[in-house]
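Number of protein chains: 2
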Amino acid sequence: MRSARSVTALLRRGAQQSTTKWPFRPTAEPRNNFGAVLARRFLSSGTNGESTQHRRVFGRALPNWEKTQSYRGIVLALGASGCLGGLVLVAVDGDLIPVQAFTSTDPGEGKKKLVVLGTGWGGMSFLKQIDTRQYDVKIISPRNYFVFTPLLPSVTNGTVEARSIAEPVRRMLSSVDFYESECVNIDAVNKKLLCRDASNVRVKGKEDFEVDYDYLIVAVGAMSNTFGTEGVKEYCHFLKELEDAEKIRESVVDCFETACLPHLSDEERKRMLSFVIVGGGPTGVEFAAELYDLVSEDLASLYPSVKDLVTVTVIQSGDHILNTFDHRISKFAEEKFQRDGVTVKTNCRVLKVNEKDVLVKEKATGQEVHVPFGMAVWSTGIGTRPVLTKFMKTIGQTDRRVLATDEWLRDDIAYLFEKADIDKSGTLEIEEFQRTMEKARERYPQLEVYLQRQKFRHVVDMVKISPGDAKEKAMHLNVDEFKKSLAQVDKQLKLFPATAQVAAQQGAYLAACFNALPKKDYKPEGPERIRGEGRHRFRQFQYRHMGQFAPLGSEQCGAELPGDWVSIGRSTQWLWYSVYASKQVSWRTRALVLFDWTKRLFFGRDSSRM
Amino acid sequence: MRSARSVTALLRRGAQQSTTKWPFRPTAEPRNNFGAVLARRFLSSGTNGESTQHRRVFGRALPNWEKTQSYRGIVLALGASGCLGGLVLVAVDGDLIPVQAFTSTDPGEGKKKLVVLGTGWGGMSFLKQIDTRQYDVKIISPRNYFVFTPLLPSVTNGTVEARSIAEPVRRMLSSVDFYESECVNIDAVNKKLLCRDASNVRVKGKEDFEVDYDYLIVAVGAMSNTFGTEGVKEYCHFLKELEDAEKIRESVVDCFETACLPHLSDEERKRMLSFVIVGGGPTGVEFAAELYDLVSEDLASLYPSVKDLVTVTVIQSGDHILNTFDHRISKFAEEKFQRDGVTVKTNCRVLKVNEKDVLVKEKATGQEVHVPFGMAVWSTGIGTRPVLTKFMKTIGQTDRRVLATDEWLRDDIAYLFEKADIDKSGTLEIEEFQRTMEKARERYPQLEVYLQRQKFRHVVDMVKISPGDAKEKAMHLNVDEFKKSLAQVDKQLKLFPATAQVAAQQGAYLAACFNALPKKDYKPEGPERIRGEGRHRFRQFQYRHMGQFAPLGSEQCGAELPGDWVSIGRSTQWLWYSVYASKQVSWRTRALVLFDWTKRLFFGRDSSRM
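Same order as they appear, the protein sequences are chains A and B. For the first sequence, UniProt numbering assigns the number 1 to the initial residue and increments by one for each residue that follows. For the second sequence, UniProt numbering assigns the number 1 to the initial residue and increments by one for each residue that follows.
FYI, nobody ran anything at the bench for these hints, they're computed from the structure. Every value quoted in this text rests on a predicted model; they were computed, and no experiment measured them. Heads up, some of the hints might be wrong.
To be verified - Below are the EDC-like pairs computed for lysine to aspartate or glutamate, each with C-alpha atoms no more than 20 Å apart in a straight line:
#1 A:Lys204 to B:Asp266
#2 B:Lys247 to A:Asp266
#3 A:Lys206 to B:Asp177
#4 A:Lys270 to B:Glu207
#5 A:Lys204 to A:Glu243
#6 B:Lys204 to A:Asp357
#7 A:Lys247 to B:Glu246
#8 A:Lys247 to B:Glu241
#9 A:Lys270 to B:Asp177
#10 B:Lys206 to A:Glu355
#11 A:Lys204 to A:Asp187
#12 B:Lys204 to A:Asp266
#13 B:Lys393 to B:Asp187
#14 B:Lys307 to A:Asp177
#15 A:Lys206 to B:Glu246
#16 B:Lys247 to A:Asp177
#17 A:Lys270 to B:Glu268
#18 A:Lys191 to A:Asp212
#19 A:Lys331 to A:Asp564
#20 A:Lys204 to B:Glu268
#21 A:Lys247 to B:Glu250
#22 B:Lys204 to A:Glu250
#23 B:Lys247 to A:Glu250
#24 B:Lys206 to B:Glu182
#25 A:Lys356 to B:Asp266
With the hints as constraints, model all of the structure from the sequences given.
In structure tokens:
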């Protein structure tokens, strides 16, 4: 029992550590995310007896979601910017891959209607790979372009123009139907989407329309999360969409212009030029750095009379900014900000925002401080989009942040143990544990990642390093204890953060699965099934982390590359330039971005308020 | 008497002709415009006894404006985009140039406060030339940038980006104070302006502030004129500001997107893709041409399913589009539009606009036709800005479209005659007429232009060509008849249209006058005074017409160059490129515009709706 507790403690500790030392770069604070796992789970589930049994029970099964764990009608496939509301697959007949879809005698009718919601990283990556000869693909999104989001902070100060990082969907994909509208309701029972023309140009009385689907890929991404903080929506800017970035750009210049008006007091001028960033994650820090560059390199000379009044403040809830990065980068960033005069307030929680200031509680002292601002940017995390919240409500998932599937690690642990506990003793010997975990490892990537992060080569190492148990060979695990602790990992371990990198890879993976579906019924290549016989059809999704950047302004950049390489400085900034130029989705945007960078070198950034 | 009537008839004919064959290019339909004359008049008025007598009567004189003709407190200096509400000078002490301003013992106090409203062509041209060592210059404008307006139509379809034709004021002028706000009231009595921070970023309760001035240059330009047509403001786009162009760009793409939605009828799709342009002037025609290019070169391939439903219609009140251009250009444009399938409805008046269509009355048949549209652009003419309308009301000029000065050709004619009519016979001999007109010619540029346009070398030619009077040497003119007919010219002849070219030249001229003020008191160089003795201080403003372009799309362009040269075709388009590239106000915008043009060649125009 003691060893079991140790394993539990170890897992818990790992989970806690992961919040401060997360190797992937999230666009905001990372959250619990199992989309990819679930997608893989779903795709590898195949057409076994169980799923057949659950076909056509979609409508019935949904309301009792939590109870009918084995229901297979809905699957989170993840991707996009949302670890919360990512890429979702709603299958038709209770199972994703009905064989008849590919063996239909009428090829026209046989083409299943595949609808993709969203044109972000996940959606576009999927769409670029999907074989439109096999599927009748439709895209629904309120914006008719794809945005290269990693350069969004650069748009806020004009280093890069908004249009330089946007590529029209119709340019990228010519053979699919695109409807510029917003999905406002998912009716999974009748397999219908209610869409609404969200723009100003619309036919009166015909704003809404319905779209049928067989497969639905929800890649709407997430939205900024205010965590219910009062006044955020009214008085803060977000940095999630292209329009947000443009609004910020306009506001920054406007703050300077207003501060130059002749009738203001010095205090009012000072407030007008106080820029507050709530959230010390990569987005917040990059924005603060870009803002500092804009002010020091361009605006200072144009607004000489007020330049000394400018303050930039980053409010961070944790101990350090960039706490998901290597501590060297985090430290470098803090030191650079200190040199630049950018204030970093750590261990502070924002209680309230009003028109003029942010009310901040310092965790250490409990003191409440008003931080005045001319402009505030809220960049603390992401939340679920209304259409998904609504959908989750209709299927009874009110307590969740992500659309859930039927299979969860914490539920499957019981099965694993049952299978593994051959002597039915209620506890596992070390060999039994090892065998089981090897199986589980294949199916649950979060375990795999956890082991890698702890530099364990083998599942059994988890037990070995537990203090005091290093030499202990015989070990007994209580199933409930172990289940509980694994569920804890399940809940806290942030498997794939909401980054472009993850979403793009997932989209491509999912499209490849869809394209290969007909073959894979006969040639399954996935891992061995735990519940059921045979193999899963697809190999699990493997995320290849290519590293992450933290641009820190003044041509300085931090980078974490695979293999724990950390690089900081000017050369890293050039690496950043090369990578982001090469990663552009088209030659057009590549040329535009390169020109924007060059332009900035020659002419500085534009300060026109528009 | 008969000859006098002939002159009158001739002048009337000339005035009528000028509405159809106007050599300068207006940004919209040209209107009566005497700003430049009046500016010159004002500046050349000097400090004679009369003006001294009127010093410090500003407040009193204003309400009785029309009656106190000789009042010298306010002068229309013209320029900018407004032949209606152009560049205005309000002098302090009833006269523009009080000598004491330059002989003050305290150089700090001696610097007169010169306030410029507006950052358009007139204002910026003035500001670039004005000597800030002599004047304490302040600029008030709701936009902190200058726009290269001739390229505005190119922004509507994305050939050129909005930011590429905007240059921040603070970049162009570093030594002046700029206040980003809108002047909402001119208090000429107390020499105070009421200004308002027009942006979203402002200090609550302190939106308004006052600015004192000694000299006020109003260069706020004009705004689009709906001529009271119902529904225009609500349902039409204008094309006057950068934001207008961007909104049009967004709307065009949005019309295509909406037309692609699956639930619309063919009729609705067709309406959505009907683009209507009201006004066949240079702006309307250029926009129609740019729109045609966008559709045929870029959108047709991206929206193949609806491309055949697109219609572009130009509604023109006159007989021909581009009727201010040479008839060859006008004809070429009409033929090109016919080939392209752009419908031109001439002799049509718009009665009403509603959400879905434009109600048009065909002048010939009297028939009323509904022309449906997805997007309509209103480009028929320009009107006075509210701040000027309000100001004109306070000074009793309610019946005018332009701010008037105290001296008008029609008023001065009486003086001219009195002086010339040496024998006091009440009629003029031909020699008397000749002498008088030579004097008048110097002072009233509209006469000069009129003579040039009629290819007269000499004033007396006006009489010579009058039918039946060719040989008649002796001629007697009734002063009232002549005055009436000259006043008619005065009213109808469009001296300087509201173009960038005119405004820029006037701004520069006015600044040069201001800069040379101290010298010119001792060394006047203007024409001889008519009322009073001596010479005027400044030579009159000479407008150098550099030609005008009419871009017609598909790399075709029409051009009228000085000396009645007309050029049409692809080579003219290249001339257009060269001229507009060279005329850019900064190397930055030049580089950006050139890049935009190049970008379009390689990658086409962007169709992202943002």
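Here's how the hints hold up against the structure:
1. A:Lys204 to B:Asp266: Since the Cα atoms of Lys204 of chain A and Asp266 of chain B sit roughly 15 Å apart, the hinted pair holds (cutoff 20 Å).
2. B:Lys247 to A:Asp266: violated (37 Å)
3. A:Lys206 to B:Asp177: At roughly 51 Å apart (the allowed maximum being 20 Å), Asp177 of chain B and Lys206 of chain A break the hint.
4. A:Lys270 to B:Glu207: holds (17 Å)
5. A:Lys204 to A:Glu243: With Cα atoms ~25 Å apart, Lys204 of chain A and Glu243 of chain A exceed 20 Å; violated.
6. B:Lys204 to A:Asp357: holds (13 Å)
7. A:Lys247 to B:Glu246: Roughly 15 Å separates the two Cα atoms, so the pair holds.
8. A:Lys247 to B:Glu241: holds (19 Å)
9. A:Lys270 to B:Asp177: holds (19 Å)
10. B:Lys206 to A:Glu355: holds (14 Å)
11. A:Lys204 to A:Asp187: Violated, at about 24 Å.
12. B:Lys204 to A:Asp266: holds (15 Å)
13. B:Lys393 to B:Asp187: holds (12 Å)
14. B:Lys307 to A:Asp177: Holds - the C-alpha atoms of Asp177 of chain A and Lys307 of chain B are around 15 Å apart, at most 20 Å.
15. A:Lys206 to B:Glu246: Cα-Cα ~26 Å, so violated.
16. B:Lys247 to A:Asp177: violated (25 Å)
17. A:Lys270 to B:Glu268: Between Lys270 of chain A and Glu268 of chain B the Cα gap is close to 54 Å, so the pair fails against 20 Å, i.e. violated.
18. A:Lys191 to A:Asp212: holds (6 Å)
19. A:Lys331 to A:Asp564: holds (16 Å)
20. A:Lys204 to B:Glu268: Measuring from Cα to Cα gives roughly 10 Å; hence the hint holds.
21. A:Lys247 to B:Glu250: Cα-Cα ~17 Å, so holds.
22. B:Lys204 to A:Glu250: Roughly 19 Å separates the two Cα atoms, so the pair holds.
23. B:Lys247 to A:Glu250: holds (17 Å)
24. B:Lys206 to B:Glu182: With Cα atoms ~14 Å apart, Lys206 of chain B and Glu182 of chain B stay inside 20 Å; holds.
25. A:Lys356 to B:Asp266: violated (52 Å)
Hints 2, 3, 5, 11, 15, 16, 17 and 25 from the list above are not met by this structure, while the remaining hints are.
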